[in-house]
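Since the structure of chain L is provided, determine the placement of chain Z on it from the hints.
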Amino acid sequence: MKVIVNDRELDLPPGTSAIDAVFQAGYDVPYFCSQEYMSPIGACRLCLAKVGAPRKDRATGEWILDEETGEPKVFWFPKPMATCTTAVMEGMVIDTKCQETKNAQKSMMEFTLINHPLDCPVCDKGGACELQDRAYEYGEGVSRFDFDKRHQEKHHALSPLITLDRERCIHCKRCVRYFEEIPGDEVLDFIERGGHTYIGTLDDGLPSNFTGNITDICPVGALLDATSRFRGRNWEYRHTRTTSTDDSSGSAIMVDSRTGRIERIKAARHTRINHDWIDDGTRFGHEYADAEDRLKTPLIKKDGTFQEATWEEASAFISDKLQATKNVGVAIRADATLEEAVGAAALADHLHGTYDYYPKTPAAITPSATPATLDDVATSNALFVLADVTEEVPIVDLRIKDALKGVTPPEPMAHGIPIADLRLKEHMPKKTAILSVAAPYQVDLMKYAGRTITYSAGHEAALLRALLATAKGNTADVDGLSIDQNLGIDQNLGIDHELGIDQDGLSALVKQLQDNDDAVIVYGGWVLASAEASELANQLAKVTGSKVLPLAPMANSRGLEVIETATGDVLEDASALILSNLNPARASHFVNHRKTLDLLVVHDTFMTETAELADVVLPAKTGYEKEGTVVNLEGRILPLNAVPVDSGTSEDFTGLVKALGDAMGTRLAGRSVRSARRALKETLGFDLADLPSEGMLPENLPTQHHGRPASSEKSANAVIVPTMSRPEYLSRNPRLQIAQGALALRVNPADAHKHGLTAHERVKIDVSGVTRRLVIKTDERVPAGVSLVPAIAEQPCGLARVDFASARPDPVMPVPPVQTDAGTMTAEVGD
Amino acid sequence: MSDAVADKPQAITSRHDARYKVTLYEHVGIDNAWTLDYYLEHEGYQAAKKALTTMQPDDVVNEVKKSGLRGRGGAGFPTGVKWSFMPKPDGRQRFILCNGDESEPGSFKDRYILEDDPHQLVEGLMIAGYAMSATIGIVYIRGEYHLGYDRLVSAIKDARAAGYLGKDIFGSGFDFDIIVHRGAGAYICGEETALMNSFEGLRGNPRMKPPFPAQAGVYGRPTTINNVTSITSAVHIIKHGAEWFASMGTDDSKGTKLYQVSGCVNRPGVYEMPMGATFGELIYDFAGGPSEDAKAFIPGGSSTPLMPFTDEYLSAPMSYDGIAKKGSMLGTGGVIVIPKEKCLVNFMWNCVRFYAHESCGKCTPCREGVATWMPKMFQKLVMGRGEPGDLELIENMSNNIKGTGFCVHADAAMWPIDASIKYFRDEYEYLIANGVSKYPRTTWWKD
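The listed protein sequences derive, respectively, from chains L and Z.
The first sequence begins at 1 in my numbering and counts up by one.
The second sequence begins at 1 in my numbering and counts up by one.
Quick caveat, the hints were computed from the structure, so don't treat them as lab data.
Please read these numbers as outputs of a predicted model, since none were measured by experiment.
Cβ atoms here follow ideal geometry from the backbone N, Cα and C, with glycine treated the same way.
You may find that some hints are simply not true.
Stated by the list, open to error - Where chain Z lies over chain L, by a calculated footprint (3+ residues, C-beta under 8 Å):
id	region
1	36-43
2	138-151
3	186-197
4	213-226
Unchecked claim - Simulated pairs of lysine-lysine, DSS-like, Cα-Cα distance not exceeding 25 Å:
id	chain 1	residue 1	chain 2	residue 2
5	L	K425	Z	K376
6	Z	K239	Z	K66
7	L	K149	Z	K402
8	L	K405	Z	K209
9	L	K56	L	K73
10	Z	K376	L	K149
11	Z	K21	L	K149
12	L	K154	Z	K376
13	Z	K402	L	K97
14	Z	K326	L	K431
15	L	K56	Z	K209
16	Z	K326	L	K79
17	Z	K209	L	K425
18	L	K79	Z	K65
19	Z	K8	Z	K88
20	L	K79	Z	K422
21	Z	K66	Z	K50
22	Z	K209	L	K430
Said to hold, decoys possible - Pulled a few chain Z residues facing chain L out of the computed Cβ check, cut under 8 Å:
id	residue
23	T53
24	R203
25	R367
26	K376
Chain Z extracted, bound-state conformation:
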């Protein structure tokens, strides 16, 4: 047993590892990388050709399953398993729906794929579509991503003209085409069932599950919904093989992932790193370290519970399991570093207003709790009108909201509040006791 472990090469868990190679963002930031010519010069559409001409659909699904790829949209459901939920083809139209409605605060990884490397997404959709015998791919793209939309549409046009989309691709007999749909600015439309409603032209409310999208999704037809990065990861899994992908990361989190850093760091941006790298590596080695004293950071987009900016948390590996052990979630990998001199209650008020504004209003706890009562409570606190008992009321309300909403929006709004009270209760108490913040508001912009 121990021999076997010794024989197995050590998994890549750091970008400093010499074996590590950037794949998803290889061409991001290069001029004209979004053109078909550039893409073809760089092994473009070879993975799709390999899948369509040499593999059976089930082989593709198995390859993705074997790679251990987990959904990159935040929930981390194994992508291959999700693909295998699609029923056997029965003559009905099937859809592969790509969720490009990237609206989680702190997340901006898909944006640069859409803007700088849209062909990668087109190729990924072809592979995913082939794996699930879905002949129509839909990209639901965030409305604000105008450049990404333009580049993606022209990429699809070019691919269609060059025969990479359309009938009988690569002579495999497989037909595939892509529809691009722009969102209208609702965060909730990133939730998969609300996204389907929105795509169909209905109000962007989450739908009831079951039936799950694989049984009855878009227009009641079998549908699989994946994040942009999950789909583009499939390109590289097919190109380099599942073993290559699985050679990176930890036991439960395989492969390579895009991490985003924003807040008070010297070099905010998107960094591709293997799963299992630490926050310390991301923030200090790549993002240039904090630009001012930091007290906390959000690990994966604003809906994940924040963590104190201490070595204990910074040394945690960025994997699904690793962060869960610290009481938070990997989410989208959107790290926000919070400076020490900013009031955390004020910071949370900003978050609370965001979730209040984005609640769809369908279910009671979210409409009345998340969207009405909670922002009023925070407004009261930041205005200096807080009273003893308010904090307990917020905690109690948060308990009542969590786990009772129709979709996960209500929970997602409460997790960061809970964590902020857990780690920075003193700031809340100071504000309530004194009517002014421990860290009074300074100018927003650095000199």
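If we strip away everything but chain L, and leave its shape as in the complex, we get:
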């Protein structure tokens, strides 16, 4: 459609909003209420402009022509139009420079400012504030309002993580719409009306995994991230765009640091992954990086006590010890970068040892069926989810909700993502019928699912086998399917109940997958915990013509399959160990095994239980400080950029490889990011140094997988479940812990009673041989006879046995109280 903005003519598709036409033309109008990826509502009225369009004669169907020029005559609308809610029309003329437009915008700015406090000098948003910028550009500079401004609460804690300043609010409604439209958790709304309108919640707090995003989209300093409030001004921050290693989504984040500290994390835009959103675990889970007890220098144990040393001394000590040792195991955690993995593999190779990573799932992450991207999920019309995505990879949850809108995600225009996508509306009905969710207990996403399947824990393979049989037309087989009692937790409920779905349901689900070309099967840790279930899921996808999206357990789990890996279990087999960020010492058998080890080197950020047992402890960088590359769950290669954090002499694993190599007099591949990339160039076929900021999705990523068999738990009574926030760091993220609660053992109230446990009790408890520190939480939604234990790197998703008899009260770990706007708070402590 031909549209004229001031003096520029554009050709735009129908349905484009006038505001996007203005920006596309390179002109500007102010706006506060519109927001990319959300519905336009026309509330702030800042984007008013004089708009006109030619008209067709009703009788003849011809354009009405201007008598003087002979061109179609432009009929100006009688009032200035809100360009965000106006769709372009053929021949539309938008004038953003005329006096009428300027007057309208200036007067709207005046109205917006009359009740906005002059807080700018002390406001955290100052310098990065949309209202401040727009007031400079479009405001008058002088106020004619000589009355008292509205006075309201200045420090209202919406949650321990978010503080609301009600005076600063300009009622753009972005936060309210965000909750309704993006995560679908309607936890915020306008209260009162007229000039008294304010934002608030009815219940305490913001029960959602995605609350922090409202602090990013707030156009003023009303909604602020409580972890960073009053910690710095915007121009003092150094902004580093990097990729989150918090989960396997590969979400883009903007890390704002100042004088060697991470002060806050904001979402960065990635049009194919997280749009403008990140989950709260990713956003608020950074405080550990600046924790006081971070390891900053290498430590060598001499006469039973650790003594500070330099890297040279430590690596000389290790190199010395290794000369007498055979069978060295090098193990890293699965959120290490590709470059670190190259270094680890090269080091192991040089020492004639083995390299491995943890957690490693029995099934390969890389699927054998056609892999789905997150955009495939967002545009799918049939989704089958076998996981608790909201906790496992929360961004996938948001992309599933994109699909429920029934509107494809907007494609970027020349000026970026459309500011006002007119296809989106407030209170759009959600297409819940396209979503089926299966899990062994009630998961959050089930609220939005047209079909929910609550099977008994451990029966993923049985459920998938029943679906596969149905898809192949062998429905008779389903009735005869025997359930392997050893595989799952048997509740003696009969086949339909064990699977949580009857034959009609199975058939309907399979038909839905078959009928839609864009069907996607999403499966998580519980399926990956069994090679059989994973194979069945991929077969089901092939038979029904669906794509699959496996939820990788950690940030680079998918990527580490690129580097060849060892078979067996390094932790069990090796006689000397170099462990990076792993903490196996909570398992009693490792403590025994330690006694037989010649050398234990632990590379970690904190003095963990395993580090206590080590001969040498080396300080490690966190995921924020690393430079490198990770591969997210779709197989997209994404860059990590180093944030300047004061972490002493901490090094990532490539630094460790370099130090050890130097001590041993050799130059190992992977001794630096650059050298690792040289090695990776051969495997990948391109240089990672050339990776664009949004990464790239190669068609074929070379992969190898030597699955480590799952520990066979014969008499399981618990499910290991994913959590949004990193469990290993949760106790050092005090605010996040207050908001989310400590790591919990969730049990049915009846079971708690049976085992003599009370809610909120802190216990040390044995879970399949690993001593866990957990808080008891009773929850009606947890099926009787099953308890839920949060996953850690050493204990990934799957089944486990909780030894209730081993429960011992856990002395309270001293955690400093946190001053929040809701008062002084102390977190419950777990793990």
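What follows is chain Z alone, placed relative to chain L:
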């Protein structure tokens, strides 16, 4: 041509015309008129029966179109045209939504229909529902109308029991039932899209248009929203025919309408008159004339610009066009006569506070202008703290607010202010100059 005009009988434009017959309010004020028995004795449900059994839905729409009936809620959009906007039936649920949230100050015409003649509304909804193939009628009734709510609900119950609502009415195959929903006291919920939000249980904010209610209204389904009186007028159009309705009124405003008179008149109340009758006829012949010296009157509810109480304006015909020519609007037909001895600035302050209180707070000019700044300015004036320049600021602010709001609430709040300054600028200036009103406040109540 001139012959044709001569042949055509003169349109009825006065209640004094012998041919004029009261229809909408025929049974108002009569004991037990709200019962089904009374209604049936007085040709009740005959119009609905005629429509459902002898006419096609499109015929009903055309009949209403032909009658020239325009929306009685205030905006005056042709009702038949609105009905024809409904898309073709496509299997989706369709709604006819009746706006009984009568909250415009000065308007109280629907109240007595709801209280004294609720079956008339039930019958009207049946006809409208049939015309648009909408099987569910919704009445959104003002929360304060308790008696009206009780009477309407019992009327619906009786009608249902007698088979006038439910399945296969009159053997026509048409199913229809009515839901009654009470408002919670928000003026803005009389705006059609805010009304739909409120009905759905959402915050009473106006919605974006397009999509218009006919495309996506209540719960995203095709919906038509009409005022109580528009719907009840349809009963009489079907009963007496479109020609009868069109024989009353002026060229652009046909039919009969309910006018309300309040303020300083001897007999305030609701008067049914043909369109095109003059204010003079209403105020002097029916309302008994002003009870004290009047200086101004509001022609159609508080949001319409007031007019001076002079012969020039009193002789204006009460039709959409006739009042527009005088710079005001017909609105709901709620006439408020303002006495000479009352301060007009004080009067406007009352209006301004009303609109400030009722702003929903969604859009900036309304929340900050109508609901915050304007009442502060008026408060300043009536407290005697006015300064030179304040009046100009009010005028300028009013210009900035008009035409920029999301819905028409902001404009509606500004029109009466503009008119009061236009006609009674001297009162404002006197107050600003002297700090006291030209007409100081006296006791509220007459002795």
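Against the structure, the hints come out as follows:
no.	hint	verdict
1	36-43	holds (count 4)
2	138-151	holds (count 4)
3	186-197	holds (count 8)
4	213-226	violated (count 0)
5	L/K425 - Z/K376	35 Å, violated
6	Z/K239 - Z/K66	14 Å, holds
7	L/K149 - Z/K402	23 Å, holds
8	L/K405 - Z/K209	20 Å, holds
9	L/K56 - L/K73	10 Å, holds
10	Z/K376 - L/K149	11 Å, holds
11	Z/K21 - L/K149	57 Å, violated
12	L/K154 - Z/K376	23 Å, holds
13	Z/K402 - L/K97	20 Å, holds
14	Z/K326 - L/K431	52 Å, violated
15	L/K56 - Z/K209	22 Å, holds
16	Z/K326 - L/K79	22 Å, holds
17	Z/K209 - L/K425	11 Å, holds
18	L/K79 - Z/K65	29 Å, violated
19	Z/K8 - Z/K88	37 Å, violated
20	L/K79 - Z/K422	22 Å, holds
21	Z/K66 - Z/K50	17 Å, holds
22	Z/K209 - L/K430	21 Å, holds
23	T53	36 Å, violated
24	R203	6 Å, holds
25	R367	6 Å, holds
26	K376	5 Å, holds
The earlier numbered hints that this structure contradicts are 4, 5, 11, 14, 18, 19 and 23.
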